[in-house]
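As a plain string of letters, each chain reads:
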Amino acid sequence: MDKLRLFAGIILFGSIWGFAECIIGQGFDNLGIHSGTIMTGFFAVGLMMMSRVFYKQRGMQLGMGLVAGTLRFFNPFGGCVICSAIAIAAEGAIFELIWYKLSLDLKELKTNPMKLSMGVISAYCCFVGGYIVTQILTPLTSAAGFYFQNLVVFMPQILSRGLLAALIGGVTVPAVLVLRNIDITSIKDKIYYPVTAVVTLLCWTTVIATRILVMGI
Amino acid sequence: MGKEKIIPIIAIAILLIGTFSSIYVYATQVNTDTISINGESYTVDDIFSIAEPRSFESLNFSGVALDDLILKTYNDCASCHEYTITGEDGYQKTVTWNDMKNGLLTKDGRAVFSDLPKAFRIRDVVKIEAV
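Here the protein sequences come in this chain order: A and B. Everything in the first sequence is counted per the working numbering, starting at 1 for the first residue and increasing by one. Everything in the second sequence is counted per the working numbering, starting at 218 for the first residue and increasing by one.
Mixed in with the good hints, there may be bad ones.
Claimed, not checked - Result set (DSS-like, lysine-lysine): computed pairs, CA atoms no more than 25 Å apart in a straight line: (1) A:K3 - A:K56; (2) B:K220 - A:K56; (3) A:K188 - A:K56; (4) A:K110 - B:K222; (5) B:K222 - A:K107; (6) A:K107 - B:K220; (7) B:K220 - A:K101; (8) A:K101 - B:K222; (9) A:K110 - B:K220; (10) B:K289 - B:K344; (11) B:K344 - B:K318; (12) A:K56 - B:K222.
Calculated directly from the structure, the hints in this document are not laboratory data.
The whole structure should be built from the sequences, with the hints applied where relevant.
Printed below as a string of structure tokens:
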């Protein structure tokens, strides 16, 4: 695949993911719904799976995580900005590791149990892994430092919260795999690049404009 | 064993881990109206009558100063220790004495630090312990 086309895809899907984390995730939080599991099980795994199905390239999800994590830094809302950004980037890397050994045409995922299982594994590992990575790295960015005991004590909660993400992922991945026959390379350049540019720009301007409106900076 | 067998087994194992963790979390949940500070139990009203008030206007939080709370309740050298603050759900963070000087405890039991990331905000505090 053309590298420029792939790069545009990474920026596009990473931006949609970041936008979802910043705007839709906050919407869930405002409704009193714990957004973390939904964001991972549905949006993160769904978008990364979609990019895997459309582009059939390794490394793309890692890039998406970095783009989405960067966009999360611009978000004025929600909980810990740095924790979320770290967790998002980690989720991209973890997804990449999980799917590394699977073929790019995903021929292993023919049966429903296999599709469902990969959804469960991906969402659970991304959520739990992202949570653990951020619990380790976030304290290191401050003077307080990281204490292993604090993580160990909270592990049952993390493992428990991942269950909902796993169940959502078990539905998301089979649903996305319905789109596996879409061939992104068949889209003409004169349509592909303007569409990716406009959607990417919309995601970033919405998040940054929201920050300016809310925080005045 | 092929991927067709291993992957569903891993998925089932994950679902079992999640389920048993949820059962464990539910069974060990702590519900208390008091906060244990270095082994002594205090109600929120006790705490607010003991310690000096503190507010972070930019963060929109007010409560009592965590360092003052420790000074008034702890007979040992307060500044010689770090402090582990634990929430009702088991979430805990260990902070330095300098962080405690920039920390407060709100009326609804939330510990907030002005100089630390939001990950260090602990809801429904049940225990503060010198380590």
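Hints and how they fare:
1. In summary, the hint linking A:K3 to A:K56 is supported, as the alpha carbons are separated by about 13 Å, within the 25 Å threshold.
2. Under the criterion of a C-alpha separation no larger than 25 Å, the hint pairing B:K220 with A:K56 is consistent with the structure, at around 19 Å.
3. Under the criterion of a C-alpha separation no larger than 25 Å, the hint pairing A:K188 with A:K56 is consistent with the structure, at around 18 Å.
4. The hinted pair formed by A:K110 and B:K222 meets the criterion: a straight-line CA distance of about 13 Å does not exceed 25 Å.
5. Taking the CA atoms of B:K222 and A:K107, the gap is about 15 Å. The hint holds against a cut of 25 Å.
6. Note on A:K107 and B:K220: the hinted pairing holds, with a Cα-Cα distance of about 11 Å set against a maximum of 25 Å.
7. Using a Cα cut-off of 25 Å, the hinted pair B:K220 and A:K101 holds, with the two alpha carbons roughly 10 Å apart.
8. Of the pairs offered as hints, the one joining A:K101 and B:K222 holds, with about 15 Å between alpha carbons and a cut-off of 25 Å not exceeded.
9. Restraint check: the Cα-Cα separation between A:K110 and B:K220 comes to about 12 Å, which is no more than 25 Å; the hinted pair holds.
10. Restraint check for B:K289 and B:K344: satisfied, since their Cα atoms lie roughly 16 Å apart, inside the 25 Å limit.
11. Between B:K344 and B:K318 the alpha-carbon distance is near 18 Å, which keeps this suggested pair within the 25 Å criterion.
12. For the suggested pair A:K56 and B:K222, the alpha carbons sit about 24 Å apart, so the restraint of at most 25 Å is met.
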